[in-house]
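**Q** Read off the chains here:
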Amino acid sequence: MSRRGARGPGWGLLLALLLALGVVPRARGVEEQGGTVQGFQVVTFKWHHVQDPYIIALWILVASVAKIGFHLSHKVTSVVPESALLIVLGLVLGGIVWAADHIASFTLTPTVFFFYLLPPIVLDAGYFMPNRLFFGNLGTILLYAVIGTVWNAATTGLSLYGVFLSGLMGDLNIGLLDFLLFGSLIAAVDPVAVLAVFEEVHVNEVLFIIVFGESLLNDAVTVVLYNVFESFVTLGGDNVTGVDCVKGIVSFFVVSLGGTLVGVIFAFLLSLVTRFTKHVRIIEPGFVFVISYLSYLTSEMLSLSAILAITFCGICCQKYVKANISEQSATTVRYTMKMLASGAETIIFMFLGISAVDPLIWKWNTAFVLLTLVFISVYRAIGVVLQTWVLNRYRMVQLEIIDQVVMSYGGLRGAVAYALVVLLDERKVKEKNLFVSTTIIVVFFTVIFQGLTIKPLVQWLKVKKSEHREPKLNEKLHGRAFDHILSAIEDISGQIGHNYLRDKWTNFDRKFLSKILMRRSAQKSRDRILNVFHELNLKDAISYVAEGERRGSLAFIRSPSTDNMVNVDFSTPRPSTVEASVSYLLRENVSAVCLDMQSLEQRRRSIRDTEDMVTHHTLQQYLYKPRQEYKHLYSRHELTPSEDEKQDKEIFHRTMRKRLESFKSAKLGVNQNKKAAKLYKRERAQKRRNSSIPNGKLPVENPLHNFIIKEKDLELSDPEEAPDYEAEEMSGGIEFLANVTQDTATDSPSGDTGSDAPLTGRSSPPAAAEKPPRPRAPPSPDRRPATPAPPTPAPAPAPAPPTPAPAPPDTPPDREPGAGPAPGAGLERRGLPGAHARSAAARRVHSRRSFQRPRARRRPALLKLASLPPSCHAPPHALEQEETPL
Amino acid sequence: MLISSDQIEQLHRRFKQLSGDQPTIRKENFNNVPDLDLNPIRSKIIRAFFDNRNLRKGPSGVADEINFEDFLTIMSYFRPIDITMDEEQVQLCRKEKLRFLFHMYDSDSDGRITLEEYRNVVEELLSGNPHIEKESARSIADGAMMEAASVCVGQMEPDQVYEGITFDDFLKIWQGIDIETKMHVRFLNVEAMALCH
Chain A
1 MSRRGARGPG WGLLLALLLA LGVVPRARGV EEQGGTVQGF QVVTFKWHHV
51 QDPYIIALWI LVASVAKIGF HLSHKVTSVV PESALLIVLG LVLGGIVWAA
101 DHIASFTLTP TVFFFYLLPP IVLDAGYFMP NRLFFGNLGT ILLYAVIGTV
151 WNAATTGLSL YGVFLSGLMG DLNIGLLDFL LFGSLIAAVD PVAVLAVFEE
201 VHVNEVLFII VFGESLLNDA VTVVLYNVFE SFVTLGGDNV TGVDCVKGIV
251 SFFVVSLGGT LVGVIFAFLL SLVTRFTKHV RIIEPGFVFV ISYLSYLTSE
301 MLSLSAILAI TFCGICCQKY VKANISEQSA TTVRYTMKML ASGAETIIFM
351 FLGISAVDPL IWKWNTAFVL LTLVFISVYR AIGVVLQTWV LNRYRMVQLE
401 IIDQVVMSYG GLRGAVAYAL VVLLDERKVK EKNLFVSTTI IVVFFTVIFQ
451 GLTIKPLVQW LKVKKSEHRE PKLNEKLHGR AFDHILSAIE DISGQIGHNY
501 LRDKWTNFDR KFLSKILMRR SAQKSRDRIL NVFHELNLKD AISYVAEGER
551 RGSLAFIRSP STDNMVNVDF STPRPSTVEA SVSYLLRENV SAVCLDMQSL
601 EQRRRSIRDT EDMVTHHTLQ QYLYKPRQEY KHLYSRHELT PSEDEKQDKE
651 IFHRTMRKRL ESFKSAKLGV NQNKKAAKLY KRERAQKRRN SSIPNGKLPV
701 ENPLHNFIIK EKDLELSDPE EAPDYEAEEM SGGIEFLANV TQDTATDSPS
751 GDTGSDAPLT GRSSPPAAAE KPPRPRAPPS PDRRPATPAP PTPAPAPAPA
801 PPTPAPAPPD TPPDREPGAG PAPGAGLERR GLPGAHARSA AARRVHSRRS
851 FQRPRARRRP ALLKLASLPP SCHAPPHALE QEETPL
Chain B
1 MLISSDQIEQ LHRRFKQLSG DQPTIRKENF NNVPDLDLNP IRSKIIRAFF
51 DNRNLRKGPS GVADEINFED FLTIMSYFRP IDITMDEEQV QLCRKEKLRF
101 LFHMYDSDSD GRITLEEYRN VVEELLSGNP HIEKESARSI ADGAMMEAAS
151 VCVGQMEPDQ VYEGITFDDF LKIWQGIDIE TKMHVRFLNV EAMALCH
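Respectively, the protein sequence lines represent chains A and B. Under full-length UniProt numbering, the first sequence has 311 at position 311, and the numbering climbs by one with no breaks. Under full-length UniProt numbering, the second sequence has 125 at position 125, and the numbering climbs by one with no breaks.
Quick caveat, the hints were computed from the structure, so don't treat them as lab data. Backbone N, C-alpha and C define an ideal beta-carbon position, used for all residues, glycine too. One or more hints might be untrue.
What the hints assert, rightly or not - Output of the computed footprint for chain B on chain A, the stretches with three or more beta carbons under 8 angstroms from beta carbons of chain B: (1) 484-492; (2) 530-538.
As the list claims (entries may be wrong) - When the alpha-carbon atoms are kept at most 25 angstroms apart in a straight line, the in silico SDA-like pairs for lysine to any residue are as follows: (3) K465/A / P34/B; (4) K57/B / V378/A; (5) K511/A / K27/B; (6) K319/A / K27/B.
Isolated chain B, as found in the complex (with noise of 0.2 angstroms):
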């Protein structure tokens, strides 16, 4: 599923620095990543890591501690496309990734992005920005919302609601752009900064 065993071997070595050789890390572990601090959706991200629909565990929930196995699922998200992928696993590829970034929209795991969840994102979004307020924040939320609902369900009917963005919204606003280079990590050097820790 993942890459090498070069690169496993890697992230293994760094993953027991984070955890400080336990067999498993919880949510406190991340807090020693100096340059997480920065990342404004730092606590989204870390989530996503424990979140059961990205671990494959269940429909919902968060698990309270990952193991190695589970780490690597999470970092399986971010591996390239590989050039010999055919059409269909490269679309099946693109959809589990995509099926991330959802996840992590979607903080109430009800398979629906609601405008309350889309703003939450947005404002913590533009929070690394001093300058932008909530408000603003707020309605470049609404304003993408109201993008997505007339990409997804076109012109609607004046007493129809747009009750938020599914998956298949998601892969329809999605449609025709190129993520080749948006969601791809190459773990390569991972030597070379984990003795930097």
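Just chain A, with the same shape it has in the complex (with noise of 0.2 angstroms):
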């Protein structure tokens, strides 16, 4: 990675920091000296200064972009998984460097290699692991790691000592330990590239994790099997006593349990970290990534399995730092993640590559090269045969023949055996050019041929793949109820089973480690049913944004009628003076909206540009405050004022209240006649909206981010947050009133700033704004046109308004003036009746009159289930799923 040279590449990054911290000083010191000689220089190269980061990340730099080059093309990225694409890439480059200057000047070493892009990516691994399925399949991921590592190096060590002895390799300077050794390296599959492969191929998650977890954990076999052989390499073959032998099984114990208790403390005080991180939210995701490296580094230190510890650091912290960290800090760690492990993946399958590219390593030996490759298949094809064989007399899921084939053929070789084979002192182990070049041939062929073939093979195979399903609340539900069976069952017929461990630790979880490890707010909400009712209300609440800007006002979400579903209603001619509140609180930052709604008002005509205005109108809407106003604050210890959060509490709730009023009146038999003229509508509404927004994809940033903050203490009533929101909502509520009739007041002077006028420029004489029915124009543009009612030749559907001036007096009427309603929107104001409006407003001052009760409706006594409207189920928008797949 680093200039090959006097100084250790692996260095190179605390070089450039040296560089950084001491080196500049003294060489600008220098500078100065010489440049009274020579006078001064304004501008000077310095190469040298900067030569070791600069490489570093113009290598980087280049890795990334070629990433971007490969998916260009769809088609190739479909067939050739990444890691060949970029081993072959590696190779063209290392070509081109060579065939520049005749050295092979960048290579991936060991240090570099263990140091630095290891850990990120086996963190990763560890940090996303599911973890029910990882233990659940503990046993056989254990048995394929422990005894099929061990297996297969003993069988290709020694099957391949045996071809030699009987001279079909020709003349070597190899002994029975050096094969022994060589076998141990070559063994392991690897981690990095059955991620890099499996990530790709989509096969079902248990045979995933059963190849996965293995190559994971047989870190410790190949570390211990590894060091014993060297060690025994270096006494040499007579010097080897049996006191050795019991000793190096006894260091595999070690080895690994002591680096999985590494991992666990680790993991145990990371936990506690977060537990306190309250107040320094800025650097909170730092902690997961430092204390994690830790735990790598230390067991790296005591000569344990550096491997094992991260990952059981990642899986063991998971669940409490989920939970302490805040939702944005979670969302830090989850990018920053996956950012350094898939980016330490491409720079070591180019460097792969790349190293590849040196003629002084190269010696072939066609007999040996061939026969690893032929021992190293031929014999993990049978080891897992064997194996299965066994554990399926045990498992309740069995291994079919199939999955036998996958996983015999997933067993890829990666990074990890070259960096072991590149470590090896050429001094001791003779023919180390051999065990380097046969090292790199096996992994280039495991991760470009097998990585080739494999997504053919579970194809023809049919083997099960993994579906990606929406989380269904039923689902959560029934699979609690079914833990609860089947422990119970366990109990009732006295065996220890999964389940009965599984139930005990759960218990042991929540009356001891969560309490010491979670913060008290997050012991509250910490239940997977919880998350996945949050997660859909959600989605909910995102459709239901997603409706409010195709009908062009979020009013109906922030309605605080309840007893009717008036405000779902946006087509009906009716006053509403909640949309008033809307335009007035929004014009308090005229110049930060209007601008951005001129500019929309302007491009409205291009339905090309309708989703843009979508996204806008959904951050503009959504929030009665605009971000704008916040830009001017910079900080480096905040990341956002968190005014927003009871903004967005509240239109959570409201969306909550909603969904379950929906039962309510319907119950009730309120409304019935026109409810069903309004799910007609609705429905119609959301096949268009389905039809012109790409599966609805664009409202979801945005509102997601905004909710996110705090629900789940809302959700859960917890008494540190509840009355304080409660007040909060009443008095909104009153202000709220207040603003209405404020709005009236203010609204004609700056009425006439026309410059926001797409927004608010329906503001109306005092007179007409209280209860009046009014014609109602949202402010959203796209139901603008349905707006100047009077010009239209369209009878006013303004029904009877006791008050002589409908129309808005600041509409301005050269925007629109013979524009005529929009087609759908139009015909509907104009299909309905006048007394639907006037019962409107009445029902409208009926429920603001029980407005200032939200705690009694909020949770309104439902006795039958009945009358669903279709946008309570909207289909819910794709959440991105940012977790691993697996």
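With the hints as a guide, bring the two chains together.
**A** The following block contains the structure:
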């Protein structure tokens, strides 16, 4: 990775730091002295100054750009795994570099690999490990990882030795121990390679977790075998005693269990630390990385299995860390981890390719290379079949022949083997170069050839694939019920099984661990079912937003009214004080808002831009205060001011209430007919929306992040938060009304600032503002064509308004003078009877009266489930699935 | 129906142990299983053992006591799907298992899980977590019910009333969900544990 030379390349990064910290000032001093002689130089070229970090950064850039390049062609990446492409790219780049100066300047060195590239990948694997699946198959995984690896190492080494004795390989300076050493380093399945290939293949999760888990856990075996045989080689074959062999076996247990223990201890520390990071949110994600990395280094220092340590650190801490850190930090951790892991993986494969271009390391021995390939494949297959045969007698889910084929074939070797073989000491292992070249061939063969063919193989064998499903509340609930039933059955039938153990662990965790390691607020809200429930609510809320912006207003979410659906119905001509207040609030930030809105207005006619507008509206309307207001704030220690939280909370809550109310109103049988009409309309609207917005993806992003902030506490009526909130809501309600009246007062003067007309252009004279029905004009531009109702040839939708001026005075007539109502909306409006509007007004008044008792109505008594408005179940938008699809 | 004779023998020993060498087990006998105390849906599970529907003895009602045969019948709901079974048998087996769960939810045996019943179950399920209030349990049940309705009926007419989850609906909800690992117990080392108590 860095220049091979006097300096250990692994020190590249450190060196960069040193350079930055210490050398720079000194260098500057030197230069200044020189400057007195040569005169002051405005610009100097100091390549050596930046050389190492510069080269590192350049390589990272090259790898990343290459990745972009691969994905330009979907055809290529769907057939060829990325890892293979990267290796090929590395070969090409290595060729270019070699052609340029005829030395292999850049290679993947073990130090860089083990200290900087491997940890992020393994941590990522551990942190996103599906724990339940992993521990459910732990027995199987351990058997494959331990026995399987030992079997592979022993058989490969011994067979090669056998062939060597037969003389087929010609004259080599190799002993039995060297062969076993080689066998042990080539035996282990590589986590990086497996992950890279299997993530693209999407086999079912059980199969994946077995192969992947094996590749992670076999590290301990590899490390021990490697160390044991290396020391044996050093000792020389004759000096190895039985005691040494016993020591080797003991050291296996020490290394593996010790590594695991280190990981668990650091996980405990990490969880504990994140419990108290409430006030340093901004460095919260840092702890996750630093402490996990420390676990890796610590176990490396104690010569324990570092991979096991960091894996288990990730596995054990994930639950508590995810509960403790804030949602934003969790997202940061997730993305940073993925970025580091995928970056490291990219670099590893590319440098594997580059490293191969070095004539100095190549030593060819056809028999040795070919036989190694044959042996590792054959013995892996035999090992898998034998172990599966044993395992299937105990496993609930049987591993079938097809699974075994995939498991054998998925035994990819990778960079770990390469790094280990490069670490060998040439003075002790005479044929190091032969081993190195063979390892490279094996790695290339498995990653490129097997990686290329495994996908067609999986398809051809019809291996059960993993399917991605939306989380379902029912599924989770039933799953939970099953868990309890099973553990009860095991209790009753009196046996210790998986379920028994899991049940005991859950209890222990809840009683002790969670209490120590989780924040008090997190303890309350941490439940999988609640999480799914929450997630579904979010989706609902989001679909509401989408619905709202399609209709041009989110008023229905914000509406205080609860006993009817008036506010969901946007197309009826009726007054809406709610909206008046929306526009009022939006207008508070005139300059920030209307610039955008104006430009939107201008772009409105272009259908292509609809999507932008939708996004924009989500943002603008969802938060009553636009974000621009905070832009000038800058702080290194605070990300976003949390003023929005209350708003978000309120919006979220309203959505929830709405959801529940759909039962109630239906149950009482109120407004049935009207609802029928509305439902029909909404259905149609739904269809329209679905066709116009691709998969509804647009509105997803913004509201999601806003929602997430504090919902759980809310949902659970967290005692710390709830009273607070209630007060907030109450006062909010009162203010709300106040705003409405204020609105009418302040409307006209500010209304003539034409620029904000698109938003608030519907303000009306004070008299008309309160109760009298008047044509409703939502702030959204896409509804605006319907707004200037009077000029259109259609009969004015306002049904006999008591006020003389139903038409908004400040509606800019020059905008859309003859445009007429939008086809769909306008028709709907015209078709509705005036009586409706009046009753809507009446209801609104009624609802306002009862507005100050939100608690009581929030959870209406439900007796029967009835008449679900389809919008409650609008196909939830594809929430971004960021977790590993394991 | 069940598994090997070996396992039946072991279960029989366990049965006798639970019943105190009586030919039948009553509900009270299950109180002797200490591990069961922590189970939040304990009462529902124990009830399932005496449910006539599960015992295949009638459409409703609860038996006072069960003999070993009945005990085995209940246990047989949890046998793993045999690898040799054909597709039809697997489906049948799956249906049986789901029926067991359904009966546990449908406490009044009317063939429907009403909202009330569902809430009841969810409350019990979540009662293990002291931090979850009843209110949130209820709203979760409501949400689940809405979801069920949307899965089973699709878009409803405005005046249509979804009365509850029928067994057919229940199957629909479970469609495509693997229960291979969810409803199976391997009766292996019954001995080990039985001796402890």
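**Q** Decide if the proposed pair is consistent with the structure: K57/B and V378/A, CA atoms, cutoff 25 angstroms inclusive.
**A** Violated, at about 56 angstroms.
**Q** Measure nothing beyond the straight line between the CA atoms of K511/A and K27/B; if it is 25 angstroms or shorter, mark the hint as holding.
**A** Distance ~28 angstroms between K511/A and K27/B Cα, so the pair is violated.
**Q** Checking one constraint from the list: CA of K465/A to CA of P34/B, max 25 angstroms. Satisfied?
**A** violated (41 angstroms)
**Q** Are K319/A and K27/B close enough, with their CA atoms no more than 25 angstroms apart?
**A** violated (38 angstroms)
**Q** Residue count check for the stretch 530-538 of chain A against chain B: does it reach three with CB-CB under 8 angstroms?
**A** Since three or more residues must qualify, the claim that chain B covers the stretch 530-538 of chain A holds, with 4 doing so at under 8 angstroms.
**Q** Taking beta carbons only, do three or more residues of the stretch 484-492 of chain A come closer than 8 angstroms to chain B?
**A** holds (count 9)
Of the numbered hints given earlier, the model fails hints 3, 4, 5 and 6; all others are met.
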